[in-house]
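In order, the protein sequence lines correspond to chains A and B.
Using my numbering, the letters of the first sequence map in sequence onto residues 458 to 1456.
Using my numbering, the letters of the second sequence map in sequence onto residues 90 to 305.
Because the hints were derived from the structure by calculation, they are not lab data.
All values derive from a computational prediction rather than experimental measurement.
There could be a bad hint or two in this list.
Claimed, not checked - Partial chain A-side listing against chain B, Cβ under 7 Å, derived:
{"no.": "1", "residue": "Tyr850"}
{"no.": "2", "residue": "Leu853"}
{"no.": "3", "residue": "Tyr915"}
{"no.": "4", "residue": "Ala975"}
{"no.": "5", "residue": "Tyr978"}
{"no.": "6", "residue": "Glu982"}
{"no.": "7", "residue": "Glu1222"}
{"no.": "8", "residue": "Arg1261"}
{"no.": "9", "residue": "Asn1393"}
To be verified - Now the in silico label distances, taken between C-beta atoms and shown as ranges:
{"no.": "10", "chain 1": "A", "residue 1": "Ser1431", "chain 2": "B", "residue 2": "Tyr260", "range": "27 to 37 Å"}
{"no.": "11", "chain 1": "B", "residue 1": "Pro114", "chain 2": "A", "residue 2": "Asn863", "range": "15 to 25 Å"}
{"no.": "12", "chain 1": "A", "residue 1": "Lys1096", "chain 2": "B", "residue 2": "Glu154", "range": "58 to 68 Å"}
{"no.": "13", "chain 1": "A", "residue 1": "Glu1377", "chain 2": "B", "residue 2": "Glu243", "range": "39 to 49 Å"}
{"no.": "14", "chain 1": "B", "residue 1": "Pro292", "chain 2": "A", "residue 2": "Thr1389", "range": "42 to 52 Å"}
{"no.": "15", "chain 1": "A", "residue 1": "Gln1390", "chain 2": "B", "residue 2": "Asn258", "range": "15 to 25 Å"}
{"no.": "16", "chain 1": "B", "residue 1": "Lys183", "chain 2": "A", "residue 2": "Lys867", "range": "32 to 42 Å"}
{"no.": "17", "chain 1": "B", "residue 1": "Lys95", "chain 2": "A", "residue 2": "Gln493", "range": "41 to 51 Å"}
{"no.": "18", "chain 1": "A", "residue 1": "Ser556", "chain 2": "B", "residue 2": "Glu154", "range": "49 to 59 Å"}
{"no.": "19", "chain 1": "A", "residue 1": "Gln1390", "chain 2": "B", "residue 2": "Gln139", "range": "18 to 28 Å"}
{"no.": "20", "chain 1": "A", "residue 1": "Thr1389", "chain 2": "B", "residue 2": "Lys183", "range": "36 to 46 Å"}
{"no.": "21", "chain 1": "B", "residue 1": "Lys183", "chain 2": "A", "residue 2": "Ser512", "range": "37 to 47 Å"}
{"no.": "22", "chain 1": "B", "residue 1": "Glu154", "chain 2": "A", "residue 2": "Gly494", "range": "40 to 50 Å"}
{"no.": "23", "chain 1": "A", "residue 1": "Lys1136", "chain 2": "B", "residue 2": "Gln139", "range": "40 to 50 Å"}
Backbone N, C-alpha and C define an ideal beta-carbon position, used for all residues, glycine too.
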Amino acid sequence: MSNLRLNKIKPQTPISIIVHGGNRVGYLTAKTLIDQGCYVVIIDKFNSNTKKYLSELKKSELFDFFDFKGFNSLFKNIKRFDYLFYFLNQKLSQKDFDSKEFLNETKTLEETLANTKKNNAKFSLITSLPLNRELANRVNNIKLSAPSPYSNIELQKYCETLAAEFKDKSNINLRILRVGTVIGKGTEKVDNEIIDNLLKDATQKSQITIKGEGLDVHTLIHEADATYGILKLTFTDNTKGEVISLANKNNYTTLSLAYKLLELNTEAQTIRFVENPESQFVIQDLYVPAPPATKYGWIQQVNLEEALVEQLQTYYDDINKSWDIGEASLKKKSPKSPVRVGKTKLGEFLSNLFDPVKNTFKKERKAEFNPKKFFTILLSTVGLLSFTYFVLYPILGTIIGLVLINNSTKDLTTSVLELDEAKSKTNIENLEKNIDRISDSIGNIYWLFYITNNKDLYDNTTQLLLGSQYTVQGASELITAIYPLSQYIQDFQPALDFQTSTPTTTREYREYLKEIQANSYKLEEASYKISLASEIIKNLDTTTFPKILQDKILEVKDLITKLEEGTTTFKESTSFLPDLLGVDQRKRYLILLQNESEIRSTGGWLTSYGVVGVEGGQIRELFVDDIYNADGTLRIQNKKYIPPKSMVNGLEITDWSFSLVNWYPDLLDTLSESEPFVKDLGKGNSLDGLITIDVTFIQKLLEKWNGIEVPGESEIITSENMYSKIFEMHEEFTPGSTQKTTFLANLANEIVKRLLSMNIGELIEISDIFEESLSEKHLQATFKNRAAYTFFSSRNWANSLDARYNNAPIAIDWNWGGNKANLYLDKNYNLNISIKDKDTVDFAYSITTENSSTKSEYPEGDYINYQRIYIPSEAQILRINGFVDNEYTIYKESGFKVVAGWFNTPIQSTKSLEISYRLERGSENNSFTLNTQEQNMFFDLSLFKQAGEKKHAYRVDLSYPSTWNLENSGGLNSISNQLSGRFELNEDLHFPIIWRIPN
Amino acid sequence: MTNSKKLLFIILGIFLLSVLLYFLPLNSLLGKIPILDRFYNNTSLEIVTQKGKAKVWIDGKDYGETPTTVQDLPEGSYLVELEKISDEKFFYEKQSIQITLTRNTSARIDLEIGPQNILHGVIIYYTPIKTSSDNGMLTVISNVDGAKVFLDKEFLKASPISNLSLRENQYQVKVTAEGHEEIDVPIVISKNYSLNLKTYHFPIPTTFDTLEEENE
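Please work from the sequences and hints to get the whole structure.
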């Protein structure tokens, strides 16, 4: 069979899949669906039992059969399906299973559920009502033995629980239908031993034999009623999530059934009671069934008598015996249609409303034709229709639309926060429809804007609607794309924490990660649409709207900008997130805690380190320790590391330790330099990324949470007392001590716990802390994964010194005084840029440092700073002044020219350092800082902020040739042919400046 | 029936008609009426891949290989999937592109599929707009953030640009991005439509210069 055939099905043709459908009710269900134009696929074993049904169904073009061997291939190839009927009750006719068979069945159900969810289809699990009754009786009666572990009762119980849990987790449209014992003319053998024996006795013997008292209870249903019930309950929406009993209204005892059979003039004429050796001592049937199907509109069509007659006829046919049913014994009934025709409340209302109009028209028909009256009516009608179409409909439509949009928006907010994908999608669809409708309504009222000379308002309104349409279209894709990540965040339970090394769970989240990857194109589209919407809405002229709406429009502008930023960030991050979370293999990351009060190249003095291993979205390794313990361990192992040449020259050290590994300012360099240390410490052969956090970042979180309780600490740790706590521990630190490590591990653990216990809304609330910390470099990250590196680097979150920094100098401090003097420093940076012509640019840069320390006592003291200034490698140095004893070295490193020397500031003093250099366009135009394209000159001024530096004052002055026409000042102030800016350098800054130049 | 009753029914009628007009999907219904449907299902989509062929699927349906032009699709949003035909099976990833087709317009996908999921080229399509002016509009978005957009050699601004009002005419659009190959493409702006131009740029391979460490 054919996937090919399946994929040719017209989009409007519904597709149903019936698992275990090779039985009488499955056949009737399939046949009914096919008759209604539905495409049906049955999945079952092909054997002598199923053959007769499948051969019959195969005559139809709208039918296909799959053996269980092709189960996976079906779901892999099928593009969609709408309904899935899982006839578990067929499987349950077998009493016992082996473990393999049991597991296979549950696995099949699980996969079927997952595919139903994927296709957003309706699912009906059909199980056995008698088995459920038996289970309940066993539970209620302790005298009865428990079912064997792989019995049909256990299988039903397991499958029903599995389906219900899946429904709760994924909110699929699922119901469980417990069907009674099926009888009818197509049922060759009733699937109930007692009733089967009754029927056999009735047709073959002179006496019906009843074991025991015959008071055991049976629930029966005719095959036609069962089929109709299964379809009715599946199609009805209010059955979603329900467990329903589908059987005749009345229950029957064995005895009453036997009497009924005697009434039908069967072979047997009397009843014989015999002792039941397998009596199960059921004193009272305590079973309370699930709500009946009648509650959902199902009506029993075939009464017991008719059903038994059909069933008896089948049993007689089976033994080739004729049966003369007495006329009197079967009361003939006129067939009752299951279809009732009525009027809805709205229909009744409309009918009542239009009754007089109908009468009016009847009267009109009788009237004679009057041309004058006709034209009057015609003109009136045209006038009324025009009024409706061009006035009333646009106004009324807009009002209705706005109300509906308002409601949908509220519902959408709730459903998004509750991670209800289906509901969110529905709300978005409603929003999209209503925005489209309002847009059409507004189009019809253009004439009003035209005659009132409000074309600007019309244009801005249509733009607002277009922007809204794009936003909603983007949001629709975004919801689908974001769902697996949201689920991952919600479901994530770490297997390890900072205190224990024994995994608490084996759960992995690979499926979520793969789904994130698979949804990337949706995200691409979402980002595109939202980006367009953002541009459109940002360019709206707010002043053209009525004053009452202007504040709302401004809010919308703000909101769409945030949405765009968020979507872009998310889009870019999904390209690497699964890999970073170890979708294919384990990834290992180094975490460094820096203390910025003693500044070093990447942000501060390294105090502690941690290693985290992630695989399948789960934390598989977690370790944290004091960095001086690591140094001590390596020293004991007699490990030696050669420091970089520039470090040897500058700091005059010969051995490199892990605590000094952040010599290079670029975080990627620190990552690669850390690998040998981490390897020798036995924490992994390679690292995939590096994350640095500093004290300020932790303080920001604590400030937001008003402190946090840390085990072992008598007081709540807040942003205020945390610094002093670390200071104190550092002063008391002795190699091998664990006081600081324990405190930091406990603190980190509490922070991680707090973060993981937050819902999406709370996480969004603290997202600004992460964003701010990343921008200000209190939190930094770099990765070997190219996409991840680009993502963090392009946002200035990776402290990377890349090709963007091809003009302004970069100052890197290294506090080598063993104190926290950086807490007492104030700095001023001045940068003077003079663009001589399109080929020459001069830079004059100065740093002034004031040390307000009052004493040479820890943490205060002289600022002993090894200063490095990174400038473009092709720069010609014009002047250097301010280094101690005017001694400095110049060398090339990491693609830059570096001017390095000691630039110290003693307590209570102010010092200045100056450096001037020139950039000239070389023969190779590519890397020069001024870029000419067509008639334009582009100059991207990029200022680098060293991680860990406080906010210091920065001043930029730029002059350019007077013949150049400024097109974009990049945010700097412009006077004549000069640009200037005064600000605090709190993060990396970029100023894209554009001129139009004469030919 | 009295006049006041008639008036009441007329008022009620036009209110109901207004509400009905709001909820009635007029375009969708008209698009299903024979003869009229040809005015509603007349989009065309041209798909071209540079330097090699690709298999084409639209909403899961196989449309053969590039170059191909698919005509008479109903307006709406479509998922176009392109898989480069190559001996290196795992070198090129299948590309999924969402595109919106508007009636009476044509759209074009002109891409080169590169390894590691990178693309170079353009996607062009029109969407209808409502405006009081006689101009059409231009929207440009690049996969490289901050790419520079030039219109007839004049620098416009950095991407994205949305709904820039332009007179009906043919223009030349150039999009450049640092470290990436540029795109130069002719476009036609039409009244009552916004032309959407999506550009993708191959990165220019980096050449490394060895810097010797030296002291001056």
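When the hints from earlier in the document are held up against this structure, which numbers fail?
-> Violated hints (numbers, rising): 4, 7, 8, 13, 14, 22; every other hint is consistent with the structure.
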